[in-house]
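Visitor: Spelled out, the chains give:
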Amino acid sequence: MAISDRDFEQLRDFIYNICGMYFHTTKKYFLESRLTRRMEATATKSCQDYFQLLKSPLGSKELNFLMNEITTNETYFFRNVPQLAALENKLLPELVEIKNKMGFRKLRIWSAASSSGEEAYTMAMILLEKRSTLLKDWIIEIVGTDINETVVAQAKEGIYNAYSVRNIPDAYKHKYIREDNGKFILSPEVKKFVTFNKLNLYEDSKMIFMKSFDFIFCANVLIYFDTASKSKVVQHFYNNLQPYGYFFVGQSESLHGVNDKFKTVHFPGGFGYKK
Amino acid sequence: MDKNQMLERAEIVVGAVDDLPTIPIVATKVLLLLDDPEVSIDEIADLMLTDQVMTARVMKLLNSPVYKPTQEISSLKRALVYLGLRHIRELALTTSVINAFDDTSGALELNFFWEHSFGVGMVSKIIAQKIGYRDFEKAYIAGIIHDLGEVFLSTFLRDPFTEVLEHIKIHPVKLVEAEEKLLGTTHCEIGLSMARKWNFPDSYCDVIAYHHNPGQAKVDPVLCAIVNVADLFCTVRGLNFGGREWICFNLCEEEAWTILMDKYPELAQIDVERFCYELDDAIPDVTALVASIFAPS
Numbered sequence: 004m005a006i007s008d009r010d011f012e013q014l015r016d017f018i019y020n021i022c023g024m025y026f027h028t029t030k031k032y033f034l035e036s037r038l039t040r041r042m043e044a045t046a047t048k049s050c051q052d053y054f055q056l057l058k059s060p061l062g063s064k065e066l067n068f069l070m071n072e073i074t075t076n077e078t079y080f081f082r083n084v085p086q087l088a089a090l091e092n093k094l095l096p097e098l099v100e101i102k103n104k105m106g107f108r109k110l111r112i113w114s115a116a117s118s119s120g121e122e123a124y125t126m127a128m129i130l131l132e133k134r135s136t137l138l139k140d141w142i143i144e145i146v147g148t149d150i151n152e153t154v155v156a157q158a159k160e161g162i163y164n165a166y167s168v169r170n171i172p173d174a175y176k177h178k179y180i181r182e183d184n185g186k187f188i189l190s191p192e193v194k195k196f197v198t199f200n201k202l203n204l205y206e207d208s209k210m211i212f213m214k215s216f217d218f219i220f221c222a223n224v225l226i227y228f229d230t231a232s233k234s235k236v237v238q239h240f241y242n243n244l245q246p247y248g249y250f251f252v253g254q255s256e257s258l259h260g261v262n263d264k265f266k267t268v269h270f271p272g273g274f275g276y277k278k
Numbered sequence: 002m003d004k005n006q007m008l009e010r011a012e013i014v015v016g017a018v019d020d021l022p023t024i025p026i027v028a029t030k031v032l033l034l035l036d037d038p039e040v041s042i043d044e045i046a047d048l049m050l051t052d053q054v055m056t057a058r059v060m061k062l063l064n065s066p067v068y069k070p071t072q073e074i075s076s077l078k079r080a081l082v083y084l085g086l087r088h089i090r091e092l093a094l095t096t097s098v099i100n101a102f103d104d105t106s107g108a109l110e111l112n113f114f115w116e117h118s119f120g121v122g123m124v125s126k127i128i129a130q131k132i133g134y135r136d137f138e139k140a141y142i143a144g145i146i147h148d149l150g151e152v153f154l155s156t157f158l159r160d161p162f163t164e165v166l167e168h169i170k171i172h173p174v175k176l177v178e179a180e181e182k183l184l185g186t187t188h189c190e191i192g193l194s195m196a197r198k199w200n201f202p203d204s205y206c207d208v209i210a211y212h213h214n215p216g217q218a219k220v221d222p223v224l225c226a227i228v229n230v231a232d233l234f235c236t237v238r239g240l241n242f243g244g245r246e247w248i249c250f251n252l253c254e255e256e257a258w259t260i261l262m263d264k265y266p267e268l269a270q271i272d273v274e275r276f277c278y279e280l281d282d283a284i285p286d287v288t289a290l291v292a293s294i295f296a297p298s
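Top line first, the protein sequences correspond to chains A and B.
So for the first sequence, the working numbering puts the first residue at 4; every next one is plus one.
So for the second sequence, the working numbering puts the first residue at 2; every next one is plus one.
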């Protein structure tokens, strides 16, 4: 079903204001197809009817269904290339320089909604490449957490399908991935840098122990939280970062109005939040 | 390096070029005519119509989504009425500048250059509107012409400039810093020397010279700051000379942002993230405009 530009903009603004996720015009077609599914499921006849439903008291539940449809929960290696490029070319070397001066050669990274582990392992591969240069003699700790135990178990296993590994640059693939009968098995060399645990981001008593990270990633999760919960969780991330650390959200996400302590640092194709 | 030394060097470099593009005769006449306080729109329209290329480009510029007229403007005279006399000078300048540099043999692809320039023009105008800077059409033109020096370097200092472009591929420094280091002058001073030769109005000369350090601007630091911020935004949202320039910035550490915040404190409320995402959406309009300007008519 095609939706008018006006309906698209209305829905985009609503999703942005509530969830902090921006829908680019280039994704209008995608939003249309997912919206059609939700309209069928809720038996609403027009885009305006559906919009009224979203704004009604039952709307927050329906919004979660819609967000599930439009974020697709997919994850894969080397997903956010601009973010990784900024980290590798600029933010990491700067941070290493600061810590070298302090004589504190330890790097801690947290993938806070790690799902089946692709993001955490991507970081491990990138850092491994720098073991003989920038990060010589450094201690590297990467932690992945997720609320879902099944995906945590999958992450620990480190076995992936072709879809997950399709974006890995060849040089990395040759080194760190072994193919076996259509399955892609991660090398122990990468796995040893990463630990995975179950964690609920809402649980304050656990969150306060996630200390001293240099980089924290949390993509496509905050969009499901209401503003108050978002602020609380983001404050935890802020507290858990080292003074010069960075926090990253997913592509098209925004923390505007959620936390005014972070400074937005722009780089080509994205931005990160600096403590 | 000292700004004056760089300017001296730029003047020597620009002065040494015998075949520096000239502003078309009609544009020069239009500029002269505009100095006459009694001039009528009809007289200017008649003069401009004698240059078909200029007329076509004026119409394309005005009707582009970047410029956003409320309805399509179909005649040159209506275009001039819509713009008002004070902006005709600027449009004549802009179209002439595009004409002057249509040589495709430089180190930079012209399309990438103009996409960046028109993007900065568009974003300058948006920022000017958001903060209530009185003359946002001026901000638009200032954005378009701010990097003129770049196209000179690309055309007339092709080999050294290619080295500069190679340098920023490997080193994470701004283009302007690499120019200073390798050429002893930058596109700012080169642009200023050209703009002076072409008798550009002072406020545009100011933007060309100081869009990387608006604090030193002599005529209109706010205008320079607007263009500086627009330049930063465009460079991180894909209008970065075809991926050549890689920058990283934090607005609250930028001099330009401080200049704007001092004058327009409400700027603190702007949703910068959303602004970036909306900019992503507007980029296809900019590329389409540039493609249409250079399409054979």
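Keep in mind that the hints were calculated from the coordinates and are not lab data.
Even glycine gets a Cβ: it sits at the ideal position worked out from N, Cα and C.
Some clues are possibly wrong.
[As the list claims (entries may be wrong)] Within a straight-line C-alpha distance of at most 25 Å, the following computed PhoX-like cross-link-like pairs (lysine-lysine) qualify:
| id | chain 1 | residue 1 | chain 2 | residue 2 |
| --- | --- | --- | --- | --- |
| 1 | B | LYS170 | A | LYS93 |
| 2 | B | LYS170 | A | LYS133 |
| 3 | A | LYS266 | B | LYS131 |
| 4 | A | LYS266 | B | LYS175 |
[Claimed, not checked] Short, incomplete list of chain B residues facing chain A, as computed with Cβ under 7 Å:
| id | residue |
| --- | --- |
| 5 | TRP247 |
| 6 | ASN251 |
| 7 | CYS253 |
| 8 | ASP272 |
| 9 | VAL273 |
| 10 | PHE276 |
| 11 | ASP282 |
[What the hints assert, rightly or not] If we take Cβ atoms under 8 Å as the criterion, some of the chain A residues that face chain B in the derived model are:
| id | residue |
| --- | --- |
| 12 | TYR25 |
| 13 | ASN92 |
| 14 | LYS93 |
| 15 | TYR175 |
| 16 | SER257 |
| 17 | ASN262 |
| 18 | LYS264 |
| 19 | PHE265 |
| 20 | LYS266 |
| 21 | THR267 |
| 22 | PRO271 |
Visitor: Does each hint hold? Answer for all of them.
Guide: Now the hints, each set against the structure:
A distance of roughly 13 Å separates the Cα atoms of B:LYS170 and A:LYS93; the hinted pair therefore holds under the 25 Å criterion. Restraint check for B:LYS170 and A:LYS133: satisfied, since their Cα atoms lie roughly 20 Å apart, inside the 25 Å limit. Between the alpha carbons of A:LYS266 and B:LYS131 the distance comes to roughly 21 Å, so the proposed pair stays at or under 25 Å and holds. With a C-alpha separation of about 21 Å, the suggested pairing of A:LYS266 with B:LYS175 holds against the 25 Å cut-off.
Because the closest C-beta pair between B:TRP247 and chain A is about 6 Å apart, less than 7 Å, the hint holds. This hint holds: B:ASN251 has a C-beta 5 Å from the nearest C-beta of chain A, less than the 7 Å allowed. The closest approach between the C-beta of B:CYS253 and any C-beta of chain A is roughly 6 Å, which is under the 7 Å cut-off, so the hint is satisfied. The closest approach between the C-beta of B:ASP272 and any C-beta of chain A is roughly 4 Å, which is under the 7 Å cut-off, so the hint is satisfied.
The beta carbon of B:VAL273 comes within 6 Å of a beta carbon in chain A, closer than 7 Å, and the hint placing it at the interface holds. With a cut of 7 Å, the hint placing B:PHE276 at the interface with chain A is violated, because the nearest CB-to-CB distance is about 9 Å. Taking 7 Å as the C-beta cut-off, the interface hint given for B:ASP282 holds, the closest approach to chain A being about 5 Å. Hint on A:TYR25 holds. Least Cβ distance to chain B is approximately 4 Å, under the 8 Å limit.
At a threshold of 8 Å, the smallest CB-CB gap from A:ASN92 to chain B is about 6 Å, leaving the interface hint in force. Look at A:LYS93: its Cβ gets to within about 5 Å of chain B, closer than 8 Å, so that hint holds up. For the restraint placing A:TYR175 at the interface with chain B, the shortest Cβ-Cβ distance is roughly 21 Å, beyond the 8 Å limit, so the hint is violated. Below 8 Å, beta-carbon pairs count as interface contacts, and A:SER257 has one with chain B at about 4 Å; its hint therefore holds.
Annotation: A:ASN262 was flagged as interfacial toward chain B, and the flag is violated, the nearest CB pair being 12 Å apart, outside 8 Å. Restraint check, A:LYS264 versus chain B: the minimum CB separation of about 12 Å is more than 8 Å; hint violated. The interface hint given for A:PHE265 is violated, since its Cβ lies 10 Å from the closest Cβ of chain B, which is over the 8 Å cut-off. This hint holds: A:LYS266 has a C-beta 5 Å from the nearest C-beta of chain B, less than the 8 Å allowed.
Given the 8 Å rule on beta carbons, the hint for A:THR267 holds: about 6 Å separates it from the nearest Cβ of chain B. At about 5 Å, the closest approach between the beta carbon of A:PRO271 and any beta carbon in chain B falls short of 8 Å, and the interface hint on this residue holds.
Violated hints, listed in ascending order, are 10, 15, 17, 18, 19; each of the other numbered hints is respected by the structure.
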